[in-house]
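Below are the chains, spelled out letter by letter.
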Amino acid sequence: MAPVAPRSGDVIFASVERVNAELFTLTYGAIVRQLITDLEEVEEVNKQLDQMGYNIGIRLIDEFLAKSNVSRCVDFKETAEVIAKVGFKMFLGVTASVTNWDAEGTCCSLILEDNPLVDFVELPDTCQGLYYCNILSGVVRGALEMVSMKTEVTWLRDMLRGDDAFELQVKLLKQVPEEYPYKDDE
Amino acid sequence: SKGMQFFGGSEISPSPPAPTASGNNAHMMYVFNRNGICLLYREWNRPHRTLSAQQDHKLMFGLLFSLKSLTAKMDPTSSDCKFSLIIVRLGLVGIWELESIARLFELLYASRNGGGDGEVNCKGDSQGNVRHFAFLTWFLAEKGNLGVPQLPGQGCSFHSFRTNTYKLSFMETPSGIKIILVTHPRAGDLREPLKYIYNLYVEYVVKNPLYTPGTPIKCELFNTTLDQYVRGLG
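Residue numbers (the numbering used here), protein chains in the order written: chain A, 233 to 418; chain B, 2 to 235.
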C-alpha cells in the first residue's frame with residue numbers, strides 16, 4: 233500500500249473547521265488585555281503568553297501530524313520549512329518565509345508578513361516591552377519539544393514595536409532521542 | 002483583506018476505511034506516549050491473561066521498543082547489517098515466540114562480544130518470561146548495539162507482525178504516540194485504520210481541555226467512538 237503523501241497547508245486549511253478571523257483576533261486581544269490587567273508587569277505577561285503557547289503547542293503537534301501526514305523531517309532545515317509553509321498556513325491561514333540560516337543550520341528566522349493576531353492592534357506607551365504575539369513563540373517551542381527538539385524561540389522584529397515585519401528566531405538547542413523509560417528490570 | 006471566513010463541519014480525515022470483513026475481530030488496543038506511559042488500554046476479546054496490567058503494559062512497550070531497534074538494525078538497505086546472518090541461522094519460523102526472541106538477543110549479544118554461545122534459561126512460567134524479557138530489553142537499551150536511541154519515525158520502522166493466533170499492528174507518530182492494535186491473524190493492512198484512530202485521539206482527547214497530556218485517557222466519548230469504529234474493522 234503506497235504511503236499517503238503529505239498534504240499542503242492550503243488543502244488542510246480548506247478542510248478543517250475554522251472560526252471567524254475577527255472573532256479570533258478580538259478574543260486574543262481580550263486575553264492579552266486581561267493578562268495585562270491581572271499581572272500588571274509586562275515581563276510577566278510575556279512569560280504567561282509563552283507558557284500558554286507552550287501548553288497549546290504540546291497538543292497542537294498531534295493535530296498537525298494527524299492532519300498533514302508529514303513524516304519525520306530529515307533535518308532542521310526541513311522542519312523550519314514545514315512549520316512555515318504547512319504549520320502556519322494550517323492554523324493561522326498565513327504562510328511564513330524562512331531566512332537567515334546560520335552556518336550549522338541550527339538557527340533560522342521565520343518571517344511573517346501577515347499576522348492575524350495583530351489586526352486592529354496598537355500598543356500604548358504603557359505597554360513598552362510587551363511581546364504581543366508571544367503566544368506564537370510558545371506554540372513553536374512546545375510543538376517542537378514533542379518531536380524531540382529543544383529550541384529557543386525569540387522575537388527579533390515586531391511590527392507593533394515599529395519594525396517592518398514579524399521575525400521569529402528559532403534556534404535548535406538539541407535533539408533529545410527517545411530513551412527506554414523503565415529504569416528497573418522488574 | 003481576509004474578510005469573514007465561516008467554514009463547514011469538521012471532517013476526520015482520512016474518513017473511516019470500509020471494513021474488509023464483518024464482525025468484531027479486534028482483541029485489544031494500547032496507546033503509549035513517548036515516556037512509556039500507557040495512555041489507553043482497551044480490551045474487546047482476551048480470554049487469557051497471565052500478567053498484571055502493569056507488567057503487561059511494560060512488556061508490550063519493551064517489546065515494541067526492542068522491535069523498533071531490531072528492525073532498524075536488520076535493514077538490509079542500511080549500511081549496518083551485520084546481524085542478518087544470525088537471523089538466517091535461527092530461521093524466521095517462530096521468531097516471535099518469546100523464547101525465540103530471547104534466544105536471538107542472547108546470540109546477538111554473544112556475537113557482538115565475539116564470544117561463544119550463551120545458554121538461555123527461559124523458564125516455562127510467565128513470571129520468568131517477563132523478568133527475562135524485561136531484562137533483555139533493558140540490557141539492549143542500555144548496553145547493546147540494538148539499543149541505539151532513535152527519533153520516533155526515523156529510519157526503518159516495522160508496522161505489523163503476525164503469528165498463527167493474532168496479528169499485531171503498530172503505528173508510531175513523530176511525537177512519540179504509539180498505537181497498537183491486536184487483531185485476528187487474517188486482518189489486512191491496518192495502517193489506514195491506525196491513522197484514523199490517531200485522528201480520533203486528536204479530536205476527542207488532545208482537544209479536550211479537561212484532559213492532561215501524558216496521563217491515562219479517561220474520555221468516555223473517545224472510548225465509545227473507538228469501540229464503534231473498531232467493531233466495523235475487518
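Note that these hints are calculated values from the structure, not bench results.
Any given hint could be a false lead.
Stated by the list, open to error - Straight-line Cα separation of at most 25 Å, DMTMM-like style, residue types lysine to aspartate or glutamate; simulated pairs: (1) Lys-208/B - Glu-377/A; (2) Lys-317/A - Glu-204/B; (3) Lys-196/B - Glu-377/A; (4) Lys-309/A - Glu-254/A; (5) Lys-208/B - Glu-254/A; (6) Lys-219/B - Glu-295/A; (7) Lys-208/B - Glu-399/A; (8) Lys-196/B - Asp-242/A; (9) Lys-196/B - Glu-399/A.
Numbers of unmet hints, in rising order: 4, 7, 9
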